[in-house]
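Enquirer: Sequence:
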Amino acid sequence: MTEEAVNPKAYPLADAQLTITILDLVQQAANYKQLKKGANEATKTLNRGISEFVVMAADTEPLEILLHLPLLAEDKNVPYVFVPSKQALGRACGVTRPVIACSVTTNEGSELKSQIRQLKDAIEKLLI
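Numbering (the UniProt record's numbering), first residue to last: 1 to 128.
These aren't lab readings, by the way, just hints derived from the structure by calculation. Remember, predicted model here, so these are calculated numbers, not experimental data. Some clues are possibly wrong.
To be verified - Listed below are the simulated DSSO-like cross-link pairs for lysine-lysine, each with C-alpha atoms no more than 30 Å apart in a straight line: (1) Lys33 with Lys113; (2) Lys76 with Lys44; (3) Lys9 with Lys76; (4) Lys44 with Lys125; (5) Lys33 with Lys44; (6) Lys120 with Lys33; (7) Lys44 with Lys9; (8) Lys86 with Lys120; (9) Lys9 with Lys86; (10) Lys86 with Lys125; (11) Lys120 with Lys9; (12) Lys76 with Lys125; (13) Lys44 with Lys120; (14) Lys44 with Lys113; (15) Lys33 with Lys125; (16) Lys86 with Lys33; (17) Lys113 with Lys86; (18) Lys120 with Lys76.
Claimed, not checked - FRET-style restraints, in silico, Cβ to Cβ: (19) Glu61 with Thr96: 15 to 21 Å; (20) Gln17 with Glu64: 25 to 31 Å; (21) Gly109 with Lys9: 33 to 39 Å; (22) Asp121 with Thr96: 29 to 35 Å; (23) Ser114 with Lys33: 14 to 20 Å; (24) Asp15 with Lys76: 22 to 28 Å; (25) Pro62 with Thr106: 15 to 21 Å.
Quick reminder that beta carbons are idealized off the backbone N, C-alpha and C, glycines included.
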């Protein structure tokens, strides 16, 4: 996936290292049942206020089908980030299909809490 091929509207786009970290945490969140896959499910978690952060795929065609998510995430003060590949995001979510968006949900007694906090900080740095 080349940089030029990514839609400029897909901002903020995670770099290679951050993408690996994000996909790793998404995979763990899937194991802990703290993951909602798909644009519709991500929208629901944002509306309900249970979303920790939202991950979207920058190679979505057309990208506009998920561009309501950054607006909603900003309203709810939830960090969001784009990763280059929907195929990789799908694999991280533990499904065989490409996934264009997913949301990691809150869970008080979760072992992922510190990792989620670190990643949220890293994503918020991209937005500055």
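Enquirer: For each hint, tell me whether it holds in the structure or not.
Expert: Hint check results:
With a CA separation close to 13 Å, the supplied pair Lys33 and Lys113 stays within the 30 Å bound. A hinted pair counts as satisfied when its Cα atoms are at most 30 Å apart, and Lys76 with Lys44 qualifies at roughly 12 Å. Among the hinted pairs, Lys9 with Lys76 is consistent with the structure: their alpha-carbon atoms are about 20 Å apart, no more than 30 Å. A threshold of 30 Å between alpha carbons decides the hint, and for Lys44 with Lys125 the separation of about 25 Å falls inside it, so the pair holds.
Taking the CA atoms of Lys33 and Lys44, the gap is near 16 Å; set against the 30 Å cutoff, the hint holds. Only pairs whose Cα atoms come within 30 Å are accepted, and Lys120 paired with Lys33 is accepted, the gap being roughly 19 Å. As the CA atoms of Lys44 and Lys9 are separated by approximately 22 Å, the hinted pair is consistent with the 30 Å bound. Distance restraint check for Lys86 and Lys120: the Cα-Cα separation of roughly 20 Å lies within the 30 Å cut-off, and the hinted pair is therefore satisfied.
At most 30 Å may separate the alpha-carbon atoms for a hinted pair to count; Lys9 and Lys86 meet this at roughly 16 Å. Between Lys86 and Lys125 the CA atoms are separated by roughly 23 Å; this keeps the pair inside 30 Å, and the hint holds. Of the supplied pair hints, the one linking Lys120 and Lys9 holds, its CA atoms being roughly 21 Å apart against a limit of 30 Å. Our distance criterion of 30 Å between C-alpha atoms is met by Lys76 and Lys125, whose separation comes to about 18 Å.
In summary, the hint linking Lys44 to Lys120 is supported, as the alpha carbons are separated by about 20 Å, within the 30 Å threshold. Pair hint Lys44 plus Lys113 holds up; C-alpha atoms about 21 Å apart against a cutoff of 30 Å. Straight-line distance between C-alpha atoms of Lys33 and Lys125 comes to about 27 Å, which keeps the hinted pair within the 30 Å bound. Proximity of Lys86 to Lys33 is assessed by CA-CA distance (about 20 Å); at most 30 Å being required, the pair is judged to hold.
At most 30 Å may separate the alpha-carbon atoms for a hinted pair to count; Lys113 and Lys86 meet this at roughly 25 Å. With a C-alpha separation of about 14 Å, the suggested pair Lys120 and Lys76 falls inside the 30 Å cut-off, and the hint holds. As the Cβ distance of Glu61 to Thr96 is approximately 19 Å, the hint placing it in 15 to 21 Å holds. Taken as a hint, the range 25 to 31 Å holds for the pair Gln17 and Glu64, whose Cβ atoms sit roughly 28 Å apart.
In this structure the supplied range 33 to 39 Å holds for Gly109 paired with Lys9, their Cβ-Cβ distance being about 37 Å. Evaluation of the 29 to 35 Å hint for Asp121 and Thr96 yields a pass: the beta carbon distance comes to about 32 Å. As the Cβ distance of Ser114 to Lys33 is approximately 18 Å, the hint placing it in 14 to 20 Å holds. Judged by the Cβ atoms, the range 22 to 28 Å given for Asp15 and Lys76 holds: they are separated by roughly 25 Å.
At roughly 30 Å, the beta-carbon separation of Pro62 and Thr106 lies outside the given 15 to 21 Å, and the hint is violated.
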